[in-house]
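J.: Working from the sequences, and respecting the hints, build out all of it.
Residue numbers (our numbering), protein chains in the order written: chain A, 2 to 310; chain B, 2 to 310.
Just so you know, these hints were derived from the structure itself, not from any lab.
Just so you know, not all the hints are guaranteed correct.
It does not matter which identical chain is meant; a pair holds if it fits inside one copy or across any two.
[Claimed, not checked] In silico SDA-like links for lysine to any residue, alpha-carbon gap of 20 Å or less:
hint : residue 1 : residue 2
1    : Lys242    : Thr164
2    : Lys242    : Ile148
3    : Lys81     : Arg121
4    : Lys242    : Gly165
5    : Lys81     : Ile148
6    : Lys81     : Phe122
7    : Lys81     : Asp117
8    : Lys81     : Gly59
9    : Lys81     : Arg118
10   : Lys81     : Asn3
11   : Lys81     : Arg107
12   : Lys81     : Pro177
13   : Lys242    : Leu168
14   : Lys242    : Gln128
15   : Lys81     : Asn28
16   : Lys81     : Leu106
17   : Lys242    : Thr143
18   : Lys81     : Arg120
There are 2 protein chains.
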Amino acid sequence: MNLVLLCGGIGGSKLALGLYQQFPHANLSIIVNTADDVDILGLHVSPDLDTLIYTLAGLANRRQGWGIQGDTFQALDMLKMYGHEAWFRLGDRDIATHLARTHWLRQGLTLSETADRQRRFLNVSAQILPMTNDPVRSSIETHDGWIPFQDYFVRLGYTVEPTGVRLDGIDSARAPTEVFESIARADRIIVAPSNPVVSIGPILAVPGLRDALVESSAPIIAVSPIVGSQAVTGPAAQLMKAVGMPASACGVGIAYQDFLDLLVVDASDSQAQTDAALMGIEARATNTIMSDARSKRRLARFVVEASLS
Amino acid sequence: MNLVLLCGGIGGSKLALGLYQQFPHANLSIIVNTADDVDILGLHVSPDLDTLIYTLAGLANRRQGWGIQGDTFQALDMLKMYGHEAWFRLGDRDIATHLARTHWLRQGLTLSETADRQRRFLNVSAQILPMTNDPVRSSIETHDGWIPFQDYFVRLGYTVEPTGVRLDGIDSARAPTEVFESIARADRIIVAPSNPVVSIGPILAVPGLRDALVESSAPIIAVSPIVGSQAVTGPAAQLMKAVGMPASACGVGIAYQDFLDLLVVDASDSQAQTDAALMGIEARATNTIMSDARSKRRLARFVVEASLS
Numbered sequence: 002m003n004l005v006l007l008c009g010g011i012g013g014s015k016l017a018l019g020l021y022q023q024f025p026h027a028n029l030s031i032i033v034n035t036a037d038d039v040d041i042l043g044l045h046v047s048p049d050l051d052t053l054i055y056t057l058a059g060l061a062n063r064r065q066g067w068g069i070q071g072d073t074f075q076a077l078d079m080l081k082m083y084g085h086e087a088w089f090r091l092g093d094r095d096i097a098t099h100l101a102r103t104h105w106l107r108q109g110l111t112l113s114e115t116a117d118r119q120r121r122f123l124n125v126s127a128q129i130l131p132m133t134n135d136p137v138r139s140s141i142e143t144h145d146g147w148i149p150f151q152d153y154f155v156r157l158g159y160t161v162e163p164t165g166v167r168l169d170g171i172d173s174a175r176a177p178t179e180v181f182e183s184i185a186r187a188d189r190i191i192v193a194p195s196n197p198v199v200s201i202g203p204i205l206a207v208p209g210l211r212d213a214l215v216e217s218s219a220p221i222i223a224v225s226p227i228v229g230s231q232a233v234t235g236p237a238a239q240l241m242k243a244v245g246m247p248a249s250a251c252g253v254g255i256a257y258q259d260f261l262d263l264l265v266v267d268a269s270d271s272q273a274q275t276d277a278a279l280m281g282i283e284a285r286a287t288n289t290i291m292s293d294a295r296s297k298r299r300l301a302r303f304v305v306e307a308s309l310s
Numbered sequence: 002m003n004l005v006l007l008c009g010g011i012g013g014s015k016l017a018l019g020l021y022q023q024f025p026h027a028n029l030s031i032i033v034n035t036a037d038d039v040d041i042l043g044l045h046v047s048p049d050l051d052t053l054i055y056t057l058a059g060l061a062n063r064r065q066g067w068g069i070q071g072d073t074f075q076a077l078d079m080l081k082m083y084g085h086e087a088w089f090r091l092g093d094r095d096i097a098t099h100l101a102r103t104h105w106l107r108q109g110l111t112l113s114e115t116a117d118r119q120r121r122f123l124n125v126s127a128q129i130l131p132m133t134n135d136p137v138r139s140s141i142e143t144h145d146g147w148i149p150f151q152d153y154f155v156r157l158g159y160t161v162e163p164t165g166v167r168l169d170g171i172d173s174a175r176a177p178t179e180v181f182e183s184i185a186r187a188d189r190i191i192v193a194p195s196n197p198v199v200s201i202g203p204i205l206a207v208p209g210l211r212d213a214l215v216e217s218s219a220p221i222i223a224v225s226p227i228v229g230s231q232a233v234t235g236p237a238a239q240l241m242k243a244v245g246m247p248a249s250a251c252g253v254g255i256a257y258q259d260f261l262d263l264l265v266v267d268a269s270d271s272q273a274q275t276d277a278a279l280m281g282i283e284a285r286a287t288n289t290i291m292s293d294a295r296s297k298r299r300l301a302r303f304v305v306e307a308s309l310s
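T.: Right, dumping it as C-alpha cells:
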C-alpha cells in the first residue's frame, strides 16, 4: 500500500507517527513543508523536517512537540554571551542536525538528499520528501509590516494579529520528481491536521503540485486542524482569517475542495458536518485529538480505512 | 607599559595569563598563530585564538589545556549519529564560539575583528591580534605524505614521525596593521614558550613580521618550550628535528637569534646555558614550568623585569 501524507510540523508529525506505527509495511511517503525554514547564524534550520524526522525516529521531545528529548542548551547559553538573541531555541543535539544539513548542502546535496540522508542515519524507514529544494519562505503581514514567519511564530509567539501571508520564492519553486512520483503511485493521500495556510498552503502552492492532487485518482482525505473556531495548537485560526478563509473545519474543507474526497472533523465539533454538507463537502467525524500513541494510531487507521462514497 | 607577546596555544596561553594577571595595567597585545585554524563542518575553528581567549577569560579547561571548563559534548554525540568522525572534540559551548565567529566572518568581518569582538564579549581587556586575516595552514609531511596539521596533532595525536612542515598561503599572507603597530610601540616583546615550528614559526613567517622584530628597539625575550631535549608539552621536539633545528633550548635560541635579546631556559636544563653561550646567545635560567597561577605570574615577572646587558 502506497500512502502519501502532506505534512507540516507538530500536528502533522503526530498523524505521521500514527501512520508509521499502524502501517509498518506500507510505503509511506511524507511531503513536508519547507516554507518555515530559517537561517540561524548560517545554519539551515528546517523545523518541519526535523520535527517530523525526530518524531518518527523516537527522538522528539513529546511534551513541547519540537526539538529533541532531553536536549541541552549549552551552545545557546554561550551564544548569548556573544550577543546572540537566542529566541530560536536551538538545543545542542539539534544544532548537530543543522550543522550536518548545512555541511551537506554546502557539499552540493539538495535539501531532499539531506533529508533522505538524515532519516537514514536516524533509522527512519518512511520516505521524507521536502516539497521543494528551492528557497520558499513564508512572511506574515502585521500592523507593523511584514515579518519572517519564525519571527511571528517563535520570537513573538504569534501574539500579534496577522493581516496577510506571503510565500516568497513560490512562483519559481519546483517540486522534486519524487514528490510527483509519490502522488502518482499513491493508493491514498492524506492531508495532515497541519496549518492550512503556512504548512499545507505552501505545499499546495508549489507549481504543479495542486494540479497533481486534483488529477490523482487516489482518495484524498484531510484531517481538520480546526475544532469549532479554534486550532488544536498554533495560530491556524488567526492565519486563516488573515487570508480570508472561514476559521472552521468547513473552512479547511473549502480550502481543499478542488481535490478533497473526505474531510475528517472532530467528533466534538457539532457544526462542522452540517456546514460541510451545505458546502457539498463529504465529512466524517471522529476523535481527532492525538494525545497519546493509541489515539494517533486510531486516527491513522480511520483515515486509511475510511470507505468513500 | 606596552607589552607584546607572540603566542601559540596551550603553553603560550599560560604565560599570557601570567602577564595578564601580573601586569593588569600594562597594554598587553598578543599576536596569535592562526596556521592551525581548521574548517570543521563549515565552522571556522581557531584553536590558538580560542585557547588564549578562554584562558584569559577564566573559561578554559585547565586540566586539558584546550576547550571550556565543564563543557558538554551533546552536539558531537549527535554528529556521530550522522556519520561525522568527531575526532576533533568540539564541545557544545565551544561550538557556540565557532558558530559566532563563522557567522561574523560571513557578515564580512575580518578574523581580527571577530577576535576583538569575541574577547570583548568575554570581558578580556588584552588586545588579541591574529597574525594575519589571510588563510595560512600548516601541513605536516609524514612517511605517508602530507597531512593537515590538525590531522597530525589531534586525529593522530602526533604519533607519526614528521619529516617536514609546510605553511600553505604564507607568501601571500599580510599581517594586519595593528600587528605592526603593536610591535612598533612595544616596550618589551616576549616570545611565549610555544612550538617554535608550528606556533611561533608561522607568526615569524608572515611577510614583514620578522623584519619588524629585527628592527625593533624593544628588548625581545623568548622562553624556551624545550627542556633538555623534550618539549614541556606537545610535539615541538619532533617538529624541530623535522625541519633541521636542534631539538634543544639552544635550538630555540638559534631559531630566533636574529632578533633575540635574551633566551630564558629552564633551571633544570644544565646544558642549555652552556650551549647558548657557545652560540653567542644570551641566556638566563629560571623555573619555566607554569604549573599554577603563582608560577605563571612569577615567570611573567621574570621575563618583563629581566635586565639586559
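J.: Output the numbers, in ascending order, of every earlier hint that fails for this structure.
T.: Failing hints, ascending: 5, 10, 12, 14, 15.
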